[in-house]
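When you get a sec, could you build the whole thing from the sequences and use the hints?
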Amino acid sequence: KAGVTQTPRYLIKTRGQQVTLSCSPISGHRSVSWYQQTPGQGLQFLFEYFSETQRNKGNFPGRFSGRQFSNSRSEMNVSTLELGDSALYLCASSLDRGGGQPQHFGDGTRLSIL
Amino acid sequence: QKEVEQNSGPLSVPEGAIASLNCTYSDRGSQSFFWYRQYSGKSPELIMFIYSNGDKEDGRFTAQLNKASQYVSLLIRDSQPSDSATYLCAVIGDGGSNYKLTFGKGTLLTVNP
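So the sequence lines, in the order shown, correspond to chains A and B.
Per the working numbering, residue 5 is the first one in the first sequence, and the count goes up by one each step.
Per the working numbering, residue 20 is the first one in the second sequence, and the count goes up by one each step.
Worth flagging that the hints you see were computed from the coordinates, not collected in a lab.
Take these hints with a grain of salt, some might be off.
Straight line, CA to CA, 20 angstroms or less: simulated SDA-like cross-link-like pairs of lysine to any residue [what the hints assert, rightly or not]:
| # | chain 1 | residue 1 | chain 2 | residue 2 |
| --- | --- | --- | --- | --- |
| 1 | B | K124 | A | S90 |
| 2 | A | K61 | A | V23 |
| 3 | B | K75 | B | K61 |
| 4 | B | K61 | A | G46 |
| 5 | B | K124 | B | L65 |
| 6 | B | K21 | A | G44 |
| 7 | B | K61 | A | P12 |
| 8 | B | K61 | A | Q48 |
| 9 | B | K124 | A | G46 |
| 10 | B | K61 | A | K61 |
| 11 | A | K61 | A | F73 |
| 12 | B | K124 | B | P33 |
Remember, predicted model here, so these are calculated numbers, not experimental data.
What follows is the structure in C-alpha cells.
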C-alpha cells in the first residue's frame, strides 16, 4: 500500500512569492492534516481537512490556506512568502477523524525562502 | 495552551541497554498518545500509540500511559545503533476542534555501539 505522497520534495522561492504544495493521502484515508516543522518551534499544526472541508485550524496567519478535493488529495498554499516560512511542511493522513486514528506522515516538502 | 513536554536530551545509552523516554502533557482531555521516530532529514514515523492506562508492548518497544499523572513514556529494550533518532511524543483530543496532534519538541537518543 502506497504511503502519503507529497510533491514537490524541495522548493526554493523568494520573498513575496506564493507557493502550492500537494499531498496525496494513503488510499482510503479521508482526513488530511498539515504541519510545519522548524528547528526553533518544532512541529506545529496548520490545518486539517475532511470531506473537502477544513475542520480545524492552527495559529497561523491567513496567508496559509488549503483545500481538499473529492478524492481526498489536498493542497496547501502560502501567499506573500516571508523568510520565516522556510520550513519542512509535512502532510499526514488518517482513516477518519476519530481521536484514536493514527496519523501517517509523508516525506515532506522542504521550502526555502531567499 | 495545550503543551507537551519532553526532555530534549541528548539521551545516550550503550547498545543493548534500555532507553527510557518520557513525556508529560497538560490537557486532561487528551485521548490518544503517539510516539514517532524521526531520523535526521527524514519525516516522522509512527512507532507506537496507546489509548488506555497501562502498558502496551510491540516488539522491543513498550509504551506506558498514566492519565492521572498525565504522563506517557516509551521504553526501548535491547537498544540498537539504528534506534538513534529523535523521538517525538504527540497527543490528540477527541474529534471536533481537538482533533489535532500536539507535539513535544522531541528527545534525541544516541545508542553507542
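Quick rundown of the hints versus the structure:
Simply put, B:K124 and A:S90 have alpha-carbon atoms about 18 angstroms apart, close enough for the 20 angstroms limit, and the pair holds. Restraint check for A:K61 and A:V23: satisfied, since their Cα atoms lie roughly 19 angstroms apart, inside the 20 angstroms limit. Of the supplied pair hints, the one linking B:K75 and B:K61 is violated, its CA atoms being roughly 26 angstroms apart against a limit of 20 angstroms. Our distance criterion of 20 angstroms between C-alpha atoms is met by B:K61 and A:G46, whose separation comes to about 14 angstroms.
For the given pair, B:K124 sits about 16 angstroms from B:L65 by alpha-carbon distance, which is consistent with the 20 angstroms threshold. Note on B:K21 and A:G44: the hinted pairing holds, with a Cα-Cα distance of about 18 angstroms set against a maximum of 20 angstroms. Of the supplied pair hints, the one linking B:K61 and A:P12 holds, its CA atoms being roughly 15 angstroms apart against a limit of 20 angstroms. Using a Cα cut-off of 20 angstroms, the hinted pair B:K61 and A:Q48 holds, with the two alpha carbons roughly 16 angstroms apart.
Of the pairs offered as hints, the one joining B:K124 and A:G46 holds, with about 5 angstroms between alpha carbons and a cut-off of 20 angstroms not exceeded. Using a Cα cut-off of 20 angstroms, the hinted pair B:K61 and A:K61 is violated, with the two alpha carbons roughly 25 angstroms apart. A hinted pair counts as satisfied when its Cα atoms are at most 20 angstroms apart, and A:K61 with A:F73 qualifies at roughly 18 angstroms. As the CA atoms of B:K124 and B:P33 are separated by approximately 23 angstroms, the hinted pair breaks the 20 angstroms bound.
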